[in-house]
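If you're matching them up, the sequences are chains C and F in order.
For the first sequence, the working numbering gives the first residue as 1, with consecutive numbering after it.
For the second sequence, the working numbering gives the first residue as 1, with consecutive numbering after it.
Derived by calculation from the structure, the hints in this document are not laboratory data.
We put the beta carbon where it would ideally sit given N, CA and C, even for glycine.
Treat the hints with care, since some could be wrong.
Chain F side only, calculated, beta carbon under 7 Å to chain C, not exhaustive [said to hold, decoys possible]: (1) Val11; (2) Leu18; (3) Ser62; (4) Tyr87; (5) Arg90.
Which residues of chain F face chain C? A few of them, derived with a C-beta cut under 10 Å, are [what the hints assert, rightly or not]: (6) Asn2; (7) Val23; (8) Leu33; (9) Leu45; (10) Glu59; (11) Phe64; (12) Glu75; (13) Val93; (14) Asp94; (15) Met101.
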Amino acid sequence: MSYDFLETVLFALLTIGIVGGAVGVVFLNRITGAALLMAFTFLCNAGMFVLLGAETIAAFQVLIYVGAITVLILYGVMFTPQQHRPYALFFQKQTPWAALFVAPIAIFVALFAFSFRDSAHPTPRGGDLVPLATSVFKDFAFPFEVASVLLLAAMIGAIVLVKRDEDE
Amino acid sequence: MNIPVGAFIAVSSILFFLGVTGVLVRRNAVVILMCVELMLNAANLALVAFSRRAGSVDERGSVFVVFVFVIAAAEVAVGLAIVLAAYRNRPTVDVDEVHAMKG
Numbered sequence: 001m002s003y004d005f006l007e008t009v010l011f012a013l014l015t016i017g018i019v020g021g022a023v024g025v026v027f028l029n030r031i032t033g034a035a036l037l038m039a040f041t042f043l044c045n046a047g048m049f050v051l052l053g054a055e056t057i058a059a060f061q062v063l064i065y066v067g068a069i070t071v072l073i074l075y076g077v078m079f080t081p082q083q084h085r086p087y088a089l090f091f092q093k094q095t096p097w098a099a100l101f102v103a104p105i106a107i108f109v110a111l112f113a114f115s116f117r118d119s120a121h122p123t124p125r126g127g128d129l130v131p132l133a134t135s136v137f138k139d140f141a142f143p144f145e146v147a148s149v150l151l152l153a154a155m156i157g158a159i160v161l162v163k164r165d166e167d168e
Numbered sequence: 001m002n003i004p005v006g007a008f009i010a011v012s013s014i015l016f017f018l019g020v021t022g023v024l025v026r027r028n029a030v031v032i033l034m035c036v037e038l039m040l041n042a043a044n045l046a047l048v049a050f051s052r053r054a055g056s057v058d059e060r061g062s063v064f065v066v067f068v069f070v071i072a073a074a075e076v077a078v079g080l081a082i083v084l085a086a087y088r089n090r091p092t093v094d095v096d097e098v099h100a101m102k103g
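Construct all of the structure, not just a fragment, from the sequences and the given hints.
Shown next as structure tokens:
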């Protein structure tokens, strides 16, 4: 008995999760709900990575996005409380322009995306961690160091930006 | 039945355009940051989908995704620092109202 249908079922479920979560982030007025749906989108994206055969990237996705970035966003939501505003999402002046800009390009890109006919079946080789780590630390060692410097600069910049002015 | 790479690209593009719509339509600065993260996730998904070739997963797509992770995390940290600093100045995160430098 072949279990090949499972891949399609999983792909469909993950797609529903990703698109539903993203629609919730964009259109929900409750910020906390939007943040949690964003975390759900990240989780479904990690599932997509597993489906594509990149398990290490899926683990990093859960660690970094669901773990760290969601918490950061929730901190931002927590520290910036807003008055309860009336629901005016679709009647802002830039909404028709946004729709005009996004819709034609989106339709074109969707048609272009479905025109790909390449279908790959990754053979299990014991995971993708060893080639990934070898590649990062051998071929991409310089970008790795640059990324470390960028993280340091971002950390210092964030601390400086939120530092309170000392009253002399 | 294997899933063609175009299906993954379609999902990635839908996610990306939802993120673009969110950035253009929403007024809350934190929600705009969330939609930028959606766009970065769409790019990651497209990268990993394209790195999958017949017989193996090309690791260079995953390497690039690791660097996108790093940059996304740094960007969220600095972006939220800016939002918090602006909120301390005047207690609003509405991007329509933060226009002291305009014109």
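So, against the hints stated earlier in the document, which numbers end up violated here? Checked against the structure, the hints that fail are numbers 5, 15, while the rest are satisfied.
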